[in-house]
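There are 2 protein chains.
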Amino acid sequence: MLIHKIEEVRNKIREWKSQGLTIGLVPTMGALHDGHKSLIKKSVSKCDKTVVSIFVNPIQFCPGEDLDKYPRTLDADEKLCNDVGVDIIFAPSPKEMYGEGHIMSNDFLTYVTPPFFYVNKLCGKSRVGHFDGVCTVVNKLFNIVQPDFAFFGEKDRQQLIILKKMVNDLNIPVEIIPCPIVREESGLALSSRNKYLSEEDKKEALALSKILFNIKACYKNGIKDCKALTETAYSYLNSNHSLEYLEFRDANDLEEKNIADENTIVFIALKIKNVRLIDNISLGEL
Amino acid sequence: MLIHKIEEVRNKIREWKSQGLTIGLVPTMGALHDGHKSLIKKSVSKCDKTVVSIFVNPIQFCPGEDLDKYPRTLDADEKLCNDVGVDIIFAPSPKEMYGEGHIMSNDFLTYVTPPFFYVNKLCGKSRVGHFDGVCTVVNKLFNIVQPDFAFFGEKDRQQLIILKKMVNDLNIPVEIIPCPIVREESGLALSSRNKYLSEEDKKEALALSKILFNIKACYKNGIKDCKALTETAYSYLNSNHSLEYLEFRDANDLEEKNIADENTIVFIALKIKNVRLIDNISLGEL
Numbered sequence: 213m214l215i216h217k218i219e220e221v222r223n224k225i226r227e228w229k230s231q232g233l234t235i236g237l238v239p240t241m242g243a244l245h246d247g248h249k250s251l252i253k254k255s256v257s258k259c260d261k262t263v264v265s266i267f268v269n270p271i272q273f274c275p276g277e278d279l280d281k282y283p284r285t286l287d288a289d290e291k292l293c294n295d296v297g298v299d300i301i302f303a304p305s306p307k308e309m310y311g312e313g314h315i316m317s318n319d320f321l322t323y324v325t326p327p328f329f330y331v332n333k334l335c336g337k338s339r340v341g342h343f344d345g346v347c348t349v350v351n352k353l354f355n356i357v358q359p360d361f362a363f364f365g366e367k368d369r370q371q372l373i374i375l376k377k378m379v380n381d382l383n384i385p386v387e388i389i390p391c392p393i394v395r396e397e398s399g400l401a402l403s404s405r406n407k408y409l410s411e412e413d414k415k416e417a418l419a420l421s422k423i424l425f426n427i428k429a430c431y432k433n434g435i436k437d438c439k440a441l442t443e444t445a446y447s448y449l450n451s452n453h454s455l456e457y458l459e460f461r462d463a464n465d466l467e468e469k470n471i472a473d474e475n476t477i478v479f480i481a482l483k484i485k486n487v488r489l490i491d492n493i494s495l496g497e498l
Numbered sequence: 213m214l215i216h217k218i219e220e221v222r223n224k225i226r227e228w229k230s231q232g233l234t235i236g237l238v239p240t241m242g243a244l245h246d247g248h249k250s251l252i253k254k255s256v257s258k259c260d261k262t263v264v265s266i267f268v269n270p271i272q273f274c275p276g277e278d279l280d281k282y283p284r285t286l287d288a289d290e291k292l293c294n295d296v297g298v299d300i301i302f303a304p305s306p307k308e309m310y311g312e313g314h315i316m317s318n319d320f321l322t323y324v325t326p327p328f329f330y331v332n333k334l335c336g337k338s339r340v341g342h343f344d345g346v347c348t349v350v351n352k353l354f355n356i357v358q359p360d361f362a363f364f365g366e367k368d369r370q371q372l373i374i375l376k377k378m379v380n381d382l383n384i385p386v387e388i389i390p391c392p393i394v395r396e397e398s399g400l401a402l403s404s405r406n407k408y409l410s411e412e413d414k415k416e417a418l419a420l421s422k423i424l425f426n427i428k429a430c431y432k433n434g435i436k437d438c439k440a441l442t443e444t445a446y447s448y449l450n451s452n453h454s455l456e457y458l459e460f461r462d463a464n465d466l467e468e469k470n471i472a473d474e475n476t477i478v479f480i481a482l483k484i485k486n487v488r489l490i491d492n493i494s495l496g497e498l
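Those protein sequences? They're chains A and B, same order as listed. For reference, each letter of the first sequence is one residue, going 213 to 498 in the numbering used here. For reference, each letter of the second sequence is one residue, going 213 to 498 in the numbering used here.
Derived by calculation from the structure, the hints in this document are not laboratory data. Backbone N, C-alpha and C fix where the C-beta goes; we use that ideal spot for every residue, glycine too. Treat the hints with care, since some could be wrong.
Here are the in silico distance ranges between beta carbons for each label pair [stated by the list, open to error]: (1) A:Asp473 - B:Leu286: 52 to 58 Å; (2) B:Pro270 - A:Pro385: 19 to 25 Å; (3) B:Val340 - A:Arg395: 44 to 50 Å; (4) A:Asn383 - B:Arg395: 53 to 59 Å; (5) A:Pro306 - B:Ile471: 30 to 36 Å; (6) B:Ser230 - A:Lys415: 52 to 58 Å.
Okay, chain A solo, but in the shape it has when bound:
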């Protein structure tokens, strides 16, 4: 069932809650791919009712980013959701979420602000204000849908860690369920922004996963020094790549690591032409 209005979602939720049903929420910006599909399936199998939100959230885009050209594919998204048994597709307009007028700034809008220590690094460094926008919209969606479980992909690992911190800090009665990255056979992590890539670009984009897989292999072979591990990466990069970061950080609090261990995540971001791609890998998991 496709719903555009907050009040209509609330009415359905109230009905379900009164029946004692559990609710899963999968927040997305649409342009759904198999990565999203795996999150949605997990929710459908775990919860009595599943809500997928589709909202390209303006306040998490920075000036100059791709808000206007971000892929919007509602018809296809709706079909994917219906195929896997989603109960509500919640697709509000920006006006429905933020009201009218020029209120989408912290001059006139209440924000949920994640801790500076979690946002002053990795993607937060180049995307100033991005995670404030993410936390604010996810908080709003939590308040509207009141889910028992919310499903987020490990592809956006910094986001996942920040949202877990938000839930903990604000005592939000929602359990965050992390879901593994889904990759093409080539290794490329699925992303809605892959739509921006030509076939040629896509080959260049393999550098991300290759670097991460190689670092993990070296780590498993006994190299623990992060500087040494980083150096193994550069052979995968060429002049088509503009590396934004390659960093080793703690899986819980994003503290920087000098010596890699089972609790280390390797984060990478790089640009191919004007397309910015991210990926990450946990050294601890098999």
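Add chain B to chain A, keeping to what the hints say.
Just chain B now, kept in the frame of chain A:
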């Protein structure tokens, strides 16, 4: 029932929700007086179950403020609550609310940040960060108690307006119920900080309500110009008073008023010796 632990409150709330009972929350910092009592009574009469939280919230105090000497009277508070039929008194420790260590800063803690336009004036001007602390703790309490209704006094009118804005902006499923200021026969608005005043100081403190009552009388007599209305105030002030602000603002969005109308609130803050007192009056109400 006095409860110190979040998990214990959650268990009770879950039980009540499953029975379809409505829940009222009265957030306080303790040192309860007849003003709080009127809020609590309203909740008890309106809701099936009433939770009063008692928590001197460290993050809403600014450096140099009265966090350490703020009155703490838990035994008397408990008695007052039990007398009027409160179901849960929730009195957590700072550690229970914020965890251990030095995390009470926006470096390491997720905050709920009210809009700058609402906090850069009145009390927010001298109490930088105060309303961030208020919004954050109230958001936490809402997530813990999940009330249908929350009761706040009009004594802290800027806080009330900011919290209503927060509820609206973040789609929080709680209805805020404003409760009128309770005054001594003398006119003095009840406040936990009145405990800091000597009998002599208390007489000086009457300046606040006298100024407000006089402005309202002049307004009712036809004076609408805010500058003219302000001038009527100064005859009540003497060298024992240090006026922080006397301002006319819109009841919904705190916009400044030059011409008073039925939607205008008059706000005053002044210090007597080192005790800072606030009061306000709505020109619209009878």
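Checklist line | proline 270 of chain B versus proline 385 of chain A beta-carbon gap, inside 19 to 25 Å or not | finding: Holds: the Cβ-Cβ distance is about 23 Å, inside 19 to 25 Å.
Notebook entry, point to check: How does the Cβ-Cβ distance of proline 306 of chain A and isoleucine 471 of chain B compare with 30 to 36 Å: does it lie in that range?
Noted result: 35 Å, holds
Next item on the list: Kindly confirm whether 52 to 58 Å is satisfied by the beta carbon distance between serine 230 of chain B and lysine 415 of chain A.
Entry: With a Cβ separation near 56 Å, serine 230 of chain B and lysine 415 of chain A satisfy 52 to 58 Å, so the hint holds.
Note to self: For the hint 53 to 59 Å, verify it against the beta carbon of asparagine 383 of chain A and that of arginine 395 of chain B.
What the structure shows: Given about 35 Å between the Cβ atoms, the range is violated.
Notebook entry, point to check: Measuring from beta carbon to beta carbon, are aspartate 473 of chain A and leucine 286 of chain B in 52 to 58 Å?
Noted result: With Cβ atoms ~45 Å apart, the hint is violated.
Next item on the list: Could you see if the CB distance from valine 340 of chain B to arginine 395 of chain A stays within 44 to 50 Å?
Entry: At 47 Å between Cβs, range holds.
Of the numbered hints listed earlier, those contradicted by the structure are 1, 4.
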